[in-house]
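Participant: Sequence:
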Amino acid sequence: MRPHLGSRLKLGTALALVFFLAACAAREPLPQFYLLTPPAGSHGRSRGGPSVYVQRVAIPAYLARNSLVMVRAGNQVAYAGSARWAEPLDQGVARMVAEGLNRVARVQATSFTPAAPPGAYAYSVEIQLQRFEGTDTGQVILAVRYQVFTASGTEPTASRSFEARRTGWQPGDYAGLARLLSEELMDLSRTIARSL
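Here the sequence shown stands for residues 4 to 199, where the numbers follow my numbering.
Any given hint could turn out to be false.
[Said to hold, decoys possible] Simulated restraints, written as ranges between beta carbons of each label pair:
1) 52 to 90: 37 to 43 Å
2) 54 to 158: 26 to 32 Å
3) 89 to 157: 33 to 39 Å
4) 158 to 197: 16 to 22 Å
5) 174 to 36: 17 to 23 Å
No lab work stands behind these hints, which were simulated from the structure alone. Virtual Cβ for every residue (Gly too), placed ideally from N, Cα, C.
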């Protein structure tokens, strides 16, 4: 006896629904995007003072992705599956340092953007990012090498290393990681301001 066409259609529809629901359940969570931002309550933009241009930041290859990074066991890099930077990291770090300089020093700082060349400036700052991550032990690490140049100079007036470490980060809390990295970039801005 042949099965009825209506029964086949119901069975096919039920199987399609099961496969569809299984496919939906297997998807990763939607990505969350994070910006580097000055801490709440920090001072506004300064007025007057020399102009400073924060150049495009050099990024190591392991950080040249849009995912936030956690380092495990000292040398294993884990890229966050759904936590991403909302802008290219080289631009975000340069922007944040310029904002920090504007808040902590009497300067007029601008940062690298691919769309516009810099205007006239008295100083430029080159930053080489070395570490910018959270760790599985709850540390948040920023390590950079920076140089300050006068507008007409070819030799740096200052060349220094900077490292900041904060503890208490909960691995997996990527909003907290972005906040702590932002705070560390404000510390870097204060250090650079003393070099101007």
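Participant: Which numbered conditions among the earlier hints are violated in the structure presented, ordered from lowest to highest?
Facilitator: Hint check: 1 and 2 fail, others pass.
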